[in-house]
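With the sequences and hints as input, model every part of the structure.
There are 2 protein chains.
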Amino acid sequence: MGKGNLLYAQSGGVTAVINATASAVIQAARRHKVKVLAARNGILGALREDLIDTSKESIAAIRALAHTPGGAFGSCRYKLKSPDVDRAPYQRLIDVLRAHDVRWFLYNGGNDSADTAYKLSQIAADFGYPLACIGVPKTVDNDLAVTDCCPGFASAAKYTAVSVREAALDVAAMADTSTKVFVYEAMGRHAGWLAAAAGMAGSKPDDAPQIILFPERTFDEAAFLAKVKTTVARVGWCVVVASEGVRNAEGHFLAEAGSTDAFGHSQLGGVAPYLAGLVKKALSMKVHWALPDYLQRSARHLASATDLAHALAVGEAAVEYAMKGMNAVMPVIVRTPDAPYRWKIEAASLAKLANREKKLPKNFVRRDGYGITETARRYFAPLLRGEAPPPYRADGLPDYVVLKNIAVPRKLPAWVG
Amino acid sequence: MGKGNLLYAQSGGVTAVINATASAVIQAARRHKVKVLAARNGILGALREDLIDTSKESIAAIRALAHTPGGAFGSCRYKLKSPDVDRAPYQRLIDVLRAHDVRWFLYNGGNDSADTAYKLSQIAADFGYPLACIGVPKTVDNDLAVTDCCPGFASAAKYTAVSVREAALDVAAMADTSTKVFVYEAMGRHAGWLAAAAGMAGSKPDDAPQIILFPERTFDEAAFLAKVKTTVARVGWCVVVASEGVRNAEGHFLAEAGSTDAFGHSQLGGVAPYLAGLVKKALSMKVHWALPDYLQRSARHLASATDLAHALAVGEAAVEYAMKGMNAVMPVIVRTPDAPYRWKIEAASLAKLANREKKLPKNFVRRDGYGITETARRYFAPLLRGEAPPPYRADGLPDYVVLKNIAVPRKLPAWVG
Chain A
356 MGKGNLLYAQ
366 SGGVTAVINA
376 TASAVIQAAR
386 RHKVKVLAAR
396 NGILGALRED
406 LIDTSKESIA
416 AIRALAHTPG
426 GAFGSCRYKL
436 KSPDVDRAPY
446 QRLIDVLRAH
456 DVRWFLYNGG
466 NDSADTAYKL
476 SQIAADFGYP
486 LACIGVPKTV
496 DNDLAVTDCC
506 PGFASAAKYT
516 AVSVREAALD
526 VAAMADTSTK
536 VFVYEAMGRH
546 AGWLAAAAGM
556 AGSKPDDAPQ
566 IILFPERTFD
576 EAAFLAKVKT
586 TVARVGWCVV
596 VASEGVRNAE
606 GHFLAEAGST
616 DAFGHSQLGG
626 VAPYLAGLVK
636 KALSMKVHWA
646 LPDYLQRSAR
656 HLASATDLAH
666 ALAVGEAAVE
676 YAMKGMNAVM
686 PVIVRTPDAP
696 YRWKIEAASL
706 AKLANREKKL
716 PKNFVRRDGY
726 GITETARRYF
736 APLLRGEAPP
746 PYRADGLPDY
756 VVLKNIAVPR
766 KLPAWVG
Chain B
356 MGKGNLLYAQ
366 SGGVTAVINA
376 TASAVIQAAR
386 RHKVKVLAAR
396 NGILGALRED
406 LIDTSKESIA
416 AIRALAHTPG
426 GAFGSCRYKL
436 KSPDVDRAPY
446 QRLIDVLRAH
456 DVRWFLYNGG
466 NDSADTAYKL
476 SQIAADFGYP
486 LACIGVPKTV
496 DNDLAVTDCC
506 PGFASAAKYT
516 AVSVREAALD
526 VAAMADTSTK
536 VFVYEAMGRH
546 AGWLAAAAGM
556 AGSKPDDAPQ
566 IILFPERTFD
576 EAAFLAKVKT
586 TVARVGWCVV
596 VASEGVRNAE
606 GHFLAEAGST
616 DAFGHSQLGG
626 VAPYLAGLVK
636 KALSMKVHWA
646 LPDYLQRSAR
656 HLASATDLAH
666 ALAVGEAAVE
676 YAMKGMNAVM
686 PVIVRTPDAP
696 YRWKIEAASL
706 AKLANREKKL
716 PKNFVRRDGY
726 GITETARRYF
736 APLLRGEAPP
746 PYRADGLPDY
756 VVLKNIAVPR
766 KLPAWVG
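Chains as they are written, first to last, in our numbering: chain A, 356 to 772; chain B, 356 to 772.
There could be a bad hint or two in this list.
As the list claims (entries may be wrong) - No more than 20 Å apart at the CA atoms, straight line, and that leaves these computed lysine to aspartate or glutamate pairs for EDC-like: (1) B:K759 / A:D561; (2) A:K635 / B:E611; (3) B:K766 / B:D456; (4) B:K582 / B:D561; (5) B:K358 / B:E671; (6) B:K636 / A:E611; (7) B:K717 / B:E729; (8) B:K759 / B:D408; (9) A:K759 / B:D562; (10) A:K759 / B:D531; (11) A:K766 / A:D561; (12) B:K635 / A:E611; (13) A:K559 / B:D754; (14) B:K436 / A:D531; (15) A:K434 / A:D467; (16) B:K559 / A:D750; (17) A:K699 / A:D503; (18) A:K759 / B:D408; (19) B:K759 / A:D562; (20) A:K641 / B:E729; (21) B:K714 / B:E742; (22) B:K635 / B:E576; (23) B:K559 / B:D723; (24) B:K358 / B:D450; (25) B:K559 / A:D754; (26) B:K766 / B:D450; (27) B:K641 / A:E611; (28) A:K434 / B:D531; (29) A:K636 / B:D562; (30) B:K434 / A:D531; (31) A:K390 / A:D450; (32) A:K436 / B:D531; (33) A:K559 / B:D750; (34) B:K759 / A:D531.
Hints are computed from structural coordinates only; laboratory data are not their basis. Source: prediction; values computed, not measured.
Next comes the structure, spelled out in C-alpha cells:
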C-alpha cells in the first residue's frame with residue numbers, strides 16, 4: 356500500500372512482440388511488488404476509466420504473453436490533441452490516474468505515443484500530480500528516432516525476407532510454363548524499411564527479389580517494366596517487392612490508382628495487384644501477387660529472437676526507470692560495433708524522440724534504386740537473427756494465450772470526450 | 356550398369372515438402388545403388404531430353420532438400436494429350452527413357468500426373484519397353500482420390516490456420532478504433548480444403564474465423580453482409596476466410612467480378628479485395644484483407660511435421676515399389692483410427708486414381724455453410740500436428756539449398772513438340 360500502481364497501455368498498430376514487452380513489464384513490476392493496471396484499448400481505456408487488473412492473471416498467463424502476438428489489452432489509433440488546443444483529456448487522464456493511485460504510466464507505442472507521454476508528464480507536473488511517464492518503443496515501421504531499431508520491426512522484417520525467399524523458390528520452379536513475375540507488397544506507407552528487409556532474401560545479383568520499389572523513390576513505369584523484362588530474359592523469372600507507399604511522379608500512391616473498378620465496386624486496391632496488372636498488360640507475362648497485410652506484423656511464429664530480446668529488455672528497463680524515479684524517458688536500443696552484434700538499453704529523453712521520424716538511410720538503397728546495399732545488410736542481419744518459436748498444441752496451432760482481462764471497478768463518472 | 360536408372364520428375368504446383376519427397380527418393384535409390392536422373396521442369400525435361408544427374412549432388416545437399424520448399428529440379432504445368440489423340444509425345448518419352456537406360460519413372464504430382472504415369476506405363480508395355488511407372492502423390496489441393504491426404508496440403512493448411520489465428524489477434528486488438536473486418540483469401544479454385552483448414556484457427560463459436568466461404572456453397576451477398584454485421588455487433592470484429600473459388604449464383608468467380616478497373620487497367624482481382632470492397636461499401640466499416648498466394652504453399656518454415664513425414668514416406672515407398680518390380684501404382688496414405696492418429700503407406704492402382712477428384716466431404720461444412728464441423732476438426736488436427744522447422748543461418752534466413760543441377764549429356768536429336 357502506499358507506493359501506488361503502474362498503468363500500462365498499448366498504442367497504435369500491434370506487433371508480433373508487443374505482448375512480450377507487456378509480459379516483461381508485468382513481471383518486473385511484480386518483482387517490485389507493484390500492481391500493474393492495463394488500459395483497455397490503449398489510451399482510450401485510460402480516458403474511459405476502462406482499466407484491467409493484471410494481478411488477476413496467473414504467472415503462467417503473463418509468461419505466455421511473451422509468445423503471443425496481437426495486443427493483449429487492446430490498442431487504439433487515437434491521437435490526443437495538443438494540450439494547447441484541448442486540455443480536457445489531459446485533465447481527465449490525471450483524474451483517472453489519481454482515482455486509481457497510478458504513479459507510473461508506461462505508454463507502449465510509436466512516435467505519437469512518445470509525444471503523448473511527454474505532454475502528459477508536463478501536464479502532471481503543472482497539476483502537481485506525482486507521475487512518472489515512460490515511453491516504451493514499439494512499431495513495425497521502425498521510424499522512431501534515437502533508437503537503433505524498434506521492437507516489432509525485426510520480426511516483421513524476418514517474416515518479409517523469409518516469405519519472399521520461399522515464394523521465389525516456388526516461382527523459380529514454375530517459371531518455365533507458368534508464373535514469370537511475382538509481386539509481393541510490403542507494409543510501409545512512409546518509409547521503405549520492410550521493403551528493404553526483403554532484400555535479405557537474396558545475396559547474389561540475380562537472387563530474388565530482383566526489384567524492390569521503395570517509397571523513397573518515385574515510380575518510373577517505363578524503367579520498371581524494362582527492368583522486369585530484362586530480368587525475366589536473363590533469369591527466367593522476376594520477383595518484385597513493392598512498398599505500399601510507392602508513388603508516381605504526380606505524388607499519388609500506386610495503391611490508390613485503381614480503387615474503383617469498372618462495375619463501380621470500390622475494390623480496395625493495393626500496389627501489388629496494380630503492378631501485376633501493369634506487367635500482365637505491358638509484357639503479356641503470367642503474374643502472381645501476394646499481399647500479406649496484417650500477417651507480416653502478427654507472425655509471432657516466425658519472430659526474430661533478437662527482436663524478442665529487445666522487446667523484453669525495453670519492458671523490463673521501463674519498469675526499472677520508473678522505480679528509480681526517472682520521468683519523460685524511453686528505453687532505447689543502442690547498437691555497439693556490428694561484428695559481433697552487441698546492443699544495450701539506454702534511457703533517451705522523450706523530448707528528443709517525440710514527433711521525430713527516422714527515415715530509411717539513403718545509403719541503404721542501391722544506386723539504381725532497385726535493391727539494398729551492403730550497409731543495409733550489415734544493419735538487418737543481426738536484427739533478423741535467431742528464432743523464438745511459440746509452443747504448439749496437439750492440433751498444430753501455437754499455444755497463444757487470451758487473458759481474462761478483468762476490469763477494475765470504476766470510481767468516476769463516465770467520460771464525455 | 357546393368358540394372359538401369361530411375362527418372363524422377365515433379366509436376367504441377369510445387370509445395371513446401373515436395374523436395375522432401377525428392378530427397379527421400381534419391382536417398383532410397385542410392386541405398387539400392389540406383390542412379391536417379393531428374394527431369395528439368397517436369398515432364399517437359401523428359402520430352403526435351405533435359406535431364407539432371409543427381410549423383411553429382413552431395414549427400415548433404417540431398418538431405419537439405421528435405422527442408423527446402425519449391426521444386427528443386429523445376430516443375431511444369433503441362434498435360435500430355437491422351438495417346439489416342441497424339442501418340443508422338445509418348446513415343447518420344449520412350450525414346451528418351453531408352454537412350455538413358457531408365458527402367459523406373461517416378462512422377463510426383465496430382466491427378467493429371469497420375470493419369471500420365473498410368474498411360475505411359477501402358478504405352479511402354481505396348482512398345483515392349485521394360486518400364487515401371489510409379490505415381491508419387493503431391494498437391495496442396497488435397498484432391499487426389501484414395502489417399503487420406505496429399506503431401507503438401509497439411510503444411511499449407513497449417514500455414515492457413517496459424518496465419519488466420521495470428522491476424523485475428525491483431526484485428527481483435529485494434530477493432531475498437533480501426534479495422535473491424537479482415538478478409539483472408541485461401542487457395543482452392545475447385546474445393547474448399549484450405550479454407551476449411553482455416554477453421555482450425557478457432558474452436559469456440561465466436562473465435563475467428565467467424566465466416567468461411569467455401570466454393571462448394573453459392574455466395575449469397577445479402578446473407579454474407581448480414582452475417583458480417585451481426586458478428587461485428589456481437590464480437591466487435593469479424594474475420595472472413597474466402598476460398599478463391601467462391602462463385603455467385605450466376606456461376607462466376609467473385610475473384611473475376613472486378614478484373615478491369617475504371618482506368619482500363621487490368622487490375623488482377625482476388626476474392627479478398629472484392630469482398631473487402633463490398634463490406635466497406637455496404638457496411639461502412641474499416642476493412643483489411645490479405646492474399647498470401649504462393650506464400651501459403653511454399654512456407655516450409657511452418658511445415659507440419661506430419662506432412663513432412665508423409666512426404667518422406669511416399670518418396671521412400673515409391674522407390675521400394677519400383678525395386679520390387681511393381682508398376683502403375685502410387686503409394687498412398689491410409690489413416691487408421693483417429694485417436695491416436697496412426698497412418699501407413701499402401702500401394703494403390705494408378706487406374707483407380709487417375710482423373711478422379713476428391714471433394715471436400717459435405718459433412719465437413721457446418722449446416723449454416725460458414726464454418727467447419729467436428730468431423731472436419733478430427734480430420735485436420737493430426738495433419739497439422741508437429742513442427743519441422745528448417746535450420747537457419749546467422750542472417751536469420753532459413754538455410755535452403757540450391758542444387759547444382761548438372762545436365763546429363765544429350766544423346767538424341769532435339770524434340771519437335
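Checked hints:
Distance restraint check for B:K759 and A:D561: the Cα-Cα separation of roughly 16 Å lies within the 20 Å cut-off, and the hinted pair is therefore satisfied. Using a Cα cut-off of 20 Å, the hinted pair A:K635 and B:E611 holds, with the two alpha carbons roughly 15 Å apart. For the suggested pair B:K766 and B:D456, the alpha carbons sit about 12 Å apart, so the restraint of at most 20 Å is met. At most 20 Å may separate the alpha-carbon atoms for a hinted pair to count; B:K582 and B:D561 meet this at roughly 12 Å.
Between B:K358 and B:E671 the CA atoms are separated by roughly 19 Å; this keeps the pair inside 20 Å, and the hint holds. The straight-line distance between the Cα atoms of B:K636 and A:E611 is roughly 16 Å, inside the 20 Å bound, and the hint therefore holds. A C-alpha spacing of about 12 Å is found between B:K717 and B:E729, which places the hinted pair at or below 20 Å, so the restraint holds. Proximity of B:K759 to B:D408 is assessed by CA-CA distance (about 9 Å); at most 20 Å being required, the pair is judged to hold.
Our distance criterion of 20 Å between C-alpha atoms is met by A:K759 and B:D562, whose separation comes to about 15 Å. Simply put, A:K759 and B:D531 have alpha-carbon atoms about 18 Å apart, close enough for the 20 Å limit, and the pair holds. Taken as a hint, the A:K766 and A:D561 pair is broken in the structure, with Cα atoms around 64 Å apart against an allowance of 20 Å. A hinted pair counts as satisfied when its Cα atoms are at most 20 Å apart, and B:K635 with A:E611 qualifies at roughly 15 Å.
A threshold of 20 Å between alpha carbons decides the hint, and for A:K559 with B:D754 the separation of about 15 Å falls inside it, so the pair holds. A distance of roughly 19 Å separates the Cα atoms of B:K436 and A:D531; the hinted pair therefore holds under the 20 Å criterion. Of the pairs offered as hints, the one joining A:K434 and A:D467 holds, with about 7 Å between alpha carbons and a cut-off of 20 Å not exceeded. At most 20 Å may separate the alpha-carbon atoms for a hinted pair to count; B:K559 and A:D750 meet this at roughly 14 Å.
Among the hinted pairs, A:K699 with A:D503 is consistent with the structure: their alpha-carbon atoms are about 10 Å apart, no more than 20 Å. Between A:K759 and B:D408 the alpha-carbon distance is near 59 Å, which puts this suggested pair outside the 20 Å criterion. At most 20 Å may separate the alpha-carbon atoms for a hinted pair to count; B:K759 and A:D562 meet this at roughly 15 Å. Among the hinted pairs, A:K641 with B:E729 is inconsistent with the structure: their alpha-carbon atoms are about 39 Å apart, more than 20 Å.
The straight-line distance between the Cα atoms of B:K714 and B:E742 is roughly 27 Å, outside the 20 Å bound, and the hint therefore fails. For the proposed pair B:K635 and B:E576, the alpha carbon gap of about 13 Å is at most 20 Å, so the pair holds. For the hint linking B:K559 to B:D723, the alpha-carbon distance of about 16 Å falls within 20 Å, and the restraint holds. A hinted pair counts as satisfied when its Cα atoms are at most 20 Å apart, and B:K358 with B:D450 qualifies at roughly 18 Å.
At most 20 Å may separate the alpha-carbon atoms for a hinted pair to count; B:K559 and A:D754 meet this at roughly 15 Å. Straight-line distance between C-alpha atoms of B:K766 and B:D450 comes to about 10 Å, which keeps the hinted pair within the 20 Å bound. Simply put, B:K641 and A:E611 have alpha-carbon atoms about 16 Å apart, close enough for the 20 Å limit, and the pair holds. Of the supplied pair hints, the one linking A:K434 and B:D531 holds, its CA atoms being roughly 14 Å apart against a limit of 20 Å.
Pair hint A:K636 plus B:D562 does not hold up; C-alpha atoms about 41 Å apart against a cutoff of 20 Å. Restraint check for B:K434 and A:D531: the C-alpha separation of about 14 Å stays at or below 20 Å, so the hint holds. For a cut-off of 20 Å, the pair hint linking A:K390 to A:D450 stands: about 19 Å separates their Cα positions. For the proposed pair A:K436 and B:D531, the alpha carbon gap of about 19 Å is at most 20 Å, so the pair holds.
In summary, the hint linking A:K559 to B:D750 is supported, as the alpha carbons are separated by about 14 Å, within the 20 Å threshold. Taken as a hint, the B:K759 and A:D531 pair is honoured in the structure, with Cα atoms around 18 Å apart against an allowance of 20 Å.
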